[in-house]
Structure formats: C-alpha cells, structure tokens
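**Q** Fit the two chains together into the complex; they arrive one by one in their own frames, and the hints show the way.
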Amino acid sequence: MVHSEQSDRRPGTGSPETEDDVATQRYLDLIRSAHREWGELERSGDASVQLSEQARSTIRESVRADVRHGAQVQMPPTASGPYTMSEYALRGLVRRAVDQVDGALALKARFEHDDSGRGLRERGLPTRVICRISASIECRDLQDLADRVRTSVREAFAEQVELRDPVVDIHIEDLHEQHVR
Amino acid sequence: MTDQPVVDERSLALRAQDGDIEAFESLVDRSQGRLFRIAYMVVHDRADAEDVVQESLVLAWRRLHLLDDPAAFGGWVARICSRTATDLVRRQARRATDAAEHQDLDLAAEPGEATLGGSAGSGSRDPARTAEVNAQMEALAGILTTVDPELRACWVLREIDGMAYRDTARALDVSEQTVRGRISRARTQIVDRMEEWR
Chain A
49 MVHSEQSDRR
59 PGTGSPETED
69 DVATQRYLDL
79 IRSAHREWGE
89 LERSGDASVQ
99 LSEQARSTIR
109 ESVRADVRHG
119 AQVQMPPTAS
129 GPYTMSEYAL
139 RGLVRRAVDQ
149 VDGALALKAR
159 FEHDDSGRGL
169 RERGLPTRVI
179 CRISASIECR
189 DLQDLADRVR
199 TSVREAFAEQ
209 VELRDPVVDI
219 HIEDLHEQHV
229 R
Chain B
152 MTDQPVVDER
162 SLALRAQDGD
172 IEAFESLVDR
182 SQGRLFRIAY
192 MVVHDRADAE
202 DVVQESLVLA
212 WRRLHLLDDP
222 AAFGGWVARI
232 CSRTATDLVR
242 RQARRATDAA
252 EHQDLDLAAE
262 PGEATLGGSA
272 GSGSRDPART
282 AEVNAQMEAL
292 AGILTTVDPE
302 LRACWVLREI
312 DGMAYRDTAR
322 ALDVSEQTVR
332 GRISRARTQI
342 VDRMEEWR
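Here the protein sequences line up with chains A and B, keeping their order. Just so we're aligned, residue 49 is where the first sequence starts under the working numbering, counting upward by one. Just so we're aligned, residue 152 is where the second sequence starts under the working numbering, counting upward by one.
Please keep in mind that the hints were generated in silico from the structure rather than gathered at the bench. Here the structure is a predicted model, which is why all the values come from computation and not from measurement. Any given hint might turn out to be false.
[As the list claims (entries may be wrong)] If you want the footprint, here are the derived chain B segments under chain A, 3+ residues with CB under 8 Å:
hint, stretch
1, 160–170
2, 175–181
3, 323–335
[To be verified] Taking beta-carbon pairs under 10 Å as the criterion, some of the chain A residues facing chain B (in silico):
hint, residue
4, Ser81
5, Val97
6, Ala103
7, Gly151
8, Gly167
9, Leu168
Note that beta-carbon positions come from the ideal geometry of N, C-alpha and C, so glycine has one too.
Looking at chain B on its own, in the form it has when it is part of the complex (with noise of 0.2 Å):
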C-alpha cells in the first residue's frame, strides 16, 4: 500500500498548465459529467453534446495559460462549454437547417454504449423508471429547444448548473441585471411551454 496525494481541483490545474497531460485528464474526468449536463440541455441532442464537450475541452487546453485563478478551472470550462453550446445552437438556427430530426439520448447511444438512464450493463434497471427518467430529461430538455439560445444557455447554468448570478454573468459577459432578466424571461417561457404541454 501507498500513500497517495488527494489533489484537489486548483492542484490539477496548476499541473496541467505545468504541461502535465495525466493532470489535465483528470481534469476532463471530473468534469465531463457537468459539462455533458450543460451542453445537453443547451443543444438537446447527445451527439452534438458530446461534440460540444469534446471542443470546449480541447479548447480549454490551448487556452489553459490564461487561466489567472486555477482554483476556478470548473467555471471557467463551464463558460467556455455554454458559449461553444450556445453558438452551435445559434448556427443551427441561422441555417435553419433543423439538424435531420434532433436524435434522442435514446437512439443516439451507439450499440453497446448506454441511452439516458439505461446504462450499458444496467439490464437490471427497472425499464419504467428508466422510461419515467428518460421522460423528465426529456420534457425539460424539450421544452429548452423553444426558448431562444440566451435565454437558455444562461437558464442551464443557473438552474442546472447552480451557477451563482455573479458567475453567471461572468461566463456570458453580461452584466448580472441581464442574467436575472433573461432568467426571469426563461422561466416565464418555461411555465408558459409546460401549461401548453399539459
């Protein structure tokens, strides 16, 4: 047995901008989880997800010199992956091209690999509970895609996320009056959506 350091997010990020590569991948370990969880209620579709993800953390890599605070490395991608989010969002929407049909977590997992709440080797899950979750992300996420990109993006990471109004404000660039604004707006159109659902 050996004693191995607990080394907690600032530590990895200090290394990682070392040069330290195992360091930076810890880092996509650990955080790869919240930023799938963002970038799916942004885009609503696990593939562009998973690309989002991919982009913003390959970016944060290039970029981790600028990092002034590594002790903020969590929010800092967090930022970095809702804007990526947020502009593949923006494109689609400038292409109108309705991406050919937004693939559901369902049909998206390849073979082998897991859908929403029905993980690969998970046979023993209780298929209508897995139904029951599946239907929860997907009415929330659903609803999402009615709402315009702002409003959504800064929605995920506040109600979502749990981000603070502050760094809220800080990951889109606005001021902290247009984050409340834009969420009391989302939220509106959220409620607004779920009554005509209903």
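One chain only, chain A, in its complex shape (with noise of 0.2 Å):
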C-alpha cells in the first residue's frame, strides 16, 4: 500500500480510497514488470543490460593497473647476495601451492616474520605462513587433506625461493563442492 499525505485531496470521480489503490496497483505493476522485462534480459544475456565489453576490459586494466603489491619480504640469500620478493608474490606462490591440491582451494594467507626485516616496507624472513583454505565436500579425510597442503607449500617455498624451515599452519575453514568441467 503506497501512503500519500495528499490521498485524500485528489480529485476524481471515485472515492479517494478507491484511487489510491488502483494508483497502488499501477504502481506495483509498473515495479514487478520492471523486474520481471529485467531479470529476463539479463538470465538471457542480453549485453544491454549489462556492462559493455569496453567498460569491463577497463576495470581489467584498471585493477592491473592498481595491485597492491605490499611491503618487501627478505628471502633467503643467494650467491649473489640478498633479494626481497613482493608479498603480492609470495601470496600468489601459496596460492598455487594450495590449488594444486586436489579438493582444496586457497582462500588467503597470513605470514609471520622474523625481525631482519627493515621498517615498514620490509619485511622479515617468513617464520610462519597461515593458509585458510577451503576443502572439497567430497574430502572424507581432513587431516589428510592439511597434510598434502602443507606439503605442497613446504614443497613450493624450498623449490622456489629455497626458504626450507617456516612453520605452515592449515586452517580448513569452508567447504566446497566440485563440479566436472
């Protein structure tokens, strides 16, 4: 029912309840066929209803355009003396660490670091990576499934930035379904 303060004072030829609702009416009409002609188009993929491929190929950009690839973290020095590597980077090696896995899907890490860091925009040597992730509805054994994932990330840190000791803690936290592509 649509309240309006001058219901009562519109002319007519009926009475002033009876307008409002049939004015209710139409409008409620008006709404649920804007609903309806809309959630039509777009369950049918009509493009008008939708961003434009130029608009969305300038969010991709855009978003590229604007990591954030936060502080520096110290790595393990080679022969060739000290590196850092972008947590952005060190994120995504979890990531697909984690991924590899069957039945398991990263959700976001955390790290801990040692104190060799220098100030704010660098960090220490990881000590300790925190992986939330998400387990498949169909994985029977949980304990099996944080035991190939902390061995994937272990295997991940030695091969790819020779980082052998920090502690990799699981924490399965959602689970998934699976579908077959």
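**A** Right, dumping it as structure tokens:
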C-alpha cells in the first residue's frame, strides 16, 4: 500500500480510497513488470542490461594497474647476495601451492616474519604462514588434506625461494562443491 | 574432464583480498549486472551508469582490504555503487548541467553493441516486445529522474535491488527509520508522477 499525504485531496470521480488503490496497483504493476523484464533480459544474457565489453576491459586494466604489491619480504640470500620479493608474489606462490592439491582451494594467507626486516616496507624472513583454505565436500579425510596442503606449500617454498623452515599452519574454514568440466 | 571447485562469493572475495586478480574479475562478472541496474536507475543514462559501475568496482578493488566480512561483498559493492551514483546526480544537479540531453539506452549503445531489450545478435527478437520492454524500463527510470536523489537511491536499493531495510540503511549511512521515510516519500512521488503522466 502506498501512503500518500495528499491521497484524500486528489480530485477524481471515485472515492479517494479507490483511487489510491488503483494508483497503488499501477505502481506495483510497474515495479513488478520492470523486475520481470530486466530479469528476463539478464537471464538471457542480453548485453543491453550489462556493462559493455569495453567497460569491463577498462575495469580489468585498472585493477591490474593498481595491484597492491604490499611490503617487500626478505628471502634467504643467494650466492648473488640478499634479495626480497613482494608480499603479492609470495601470496601467489602459496595460492598456487594450495590450489594444486586435489580437493583444496586457497582462500587467504597470512605471514609472520623474523625481525630481519628494515621498516614498514620491508619484512623479515617468513617464519610462519597461516593458510586459510576451503575443502571439497567430497574430501573424507580433512587431516590428510591438511597434510598434503602443508607439504605442497613447504615444497613450493623450498623449490622456488629456498625457504626451508617456515611453519605452515592450515586452517580449513569452509567447504565447497566440485563440478566436472 | 577435471573437477573444478564451485567458488562462492565469500571465497572469491577472500582470494581477491589475497591479491588474486582473477578472483576479483569473477566478482566483477557476477556483480556487474546488479550494479548496472542500480546505477542506471539512479542516473538514467547508460554512459553515466557504466562510468559509475567502473568507478565503483575499481574503488572496491582498492578498498578490498577494508572489507571485514567477505561474505558481504555484494552488499558492500552495491553500497559503493549507490553512493557513487548519488554523488554523480548531486554533482550534475549542482552544476545545473542537465547533461546534454539524457542519453537513452537505445541511443547510447555503440554500433554493434546492444540496446536495452535488443542485444546485438538477437535479431530474431520481436521488435514489438522490445519496444514494450524499453517502455517499461524507460518509464520507471524517467519517473525516477524527478525524484530527489537521496530518495531515489534509497528507493532503488530497496525496490529494485531488493535490499532489506537494515542493509539499505547501512548502505546509505542513515537510520532504518529514515530509510522507511524516504521510501515512503519516493513511492508517493512516483505514484503522483505516474498519475500526471497518464
């Protein structure tokens, strides 16, 4: 019901209440109709009710140009000397290591560091990584899944950045379905 | 064939917070239709609505680390979008630009791109039906241009986006009571306009 302050002053042939009811019905019909039509267009994938490809492309470019690389993180020194990598790259490494384990999906990672970093923009060597992950609902042994994820992350650290002794904590905090492609 | 995880919005938001650009792009794909609807209904111009959605999503990416509840990504980005759209309408009103004639969805579409209810490549669509669809959308969006921007954004979030009163209040940073008042006034104005235009 639409409540109009002027409803009982509106001129017309019928009673104010009747006119209000008719107006309300027209209003509701219009809303319903707009919802229905727009919904149908969306469901049919009609391009007119979506962003243009050009607009989506602009968003993608802007997002990629605006990636937050985060602080630099100390890595074990190589023969060529000390080096650092960005938190962004380190997170990517962890995500890929988690995702490659069957039944696991990386969500978000957090790192703890030693005190070798120099200031806010440079963190020390990672001493612990806390991986928040989702497990497939088909996974029957979550302990085994956590072990496989931990191994995968440790191997990725060792092989790719020669980081051999960080503690890897696995937090399974969600379950997801799998579908076959 | 490989098993692919079915990734929900919360997981995508968490991964995006972790820096996964592809996850954010999936969120863009999932939310752009909803955001476009909100923006278009508030600004009533396809080009402006696209700008609003672009600006909102890029802003969302930049502020993603501030999102406490990743499961609330949809409402959060809708909030950014409605505020961006309202700001645009306010700026336009202040400048009294009455923007070079509002650009109808039909007219704004680039060559080869879609018009509302008549997508590129959907040549088999019944033109009469397309006209009817356009009329419904345009009628509502046109009526909304006469409604005060604050009332308009409130009304769109509630009646078009289907947001709960509480979420609409959060989105607009006002009390639930204010939301109810604004929606009531917007409804009244819309009904009155509908009567005038009959």
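**Q** Each of the hints needs a verdict: does it hold here or not?
**A** Status of each hint after checking the structure:
1. Residue count for the stretch 160–170 of chain B with a Cβ under 8 Å from a Cβ of chain A: 7. That meets the three needed, and the coverage hint holds.
2. By the rule of at least three residues with a Cβ nearer than 8 Å to a Cβ of chain A, the coverage given for the stretch 175–181 of chain B holds, with 4 such residues.
3. For the stretch 323–335 of chain B, the stated coverage by chain A is violated: 1 residues have a C-beta nearer than 8 Å to a C-beta of that chain, whereas at least 3 were required.
4. For A/Ser81, the interface hint holds, the least distance from its beta-carbon to any beta-carbon of chain B being 5 Å, beneath 10 Å.
5. Checking A/Val97 against chain B: minimum C-beta separation of about 6 Å stays under 10 Å; hint holds.
6. This hint holds: A/Ala103 has a C-beta 5 Å from the nearest C-beta of chain B, less than the 10 Å allowed.
7. Residue-level restraint check for A/Gly151 holds (minimum Cβ-Cβ distance to chain B is 8 Å; threshold 10 Å).
8. Hint on A/Gly167 is violated. Least Cβ distance to chain B is approximately 20 Å, over the 10 Å limit.
9. The beta carbon of A/Leu168 is not positioned within 10 Å of any beta carbon in chain B (closest approach about 15 Å), and the interface hint is therefore violated.
Of the numbered hints stated above, those contradicted by the structure are hints 3, 8, 9, listed in ascending order.
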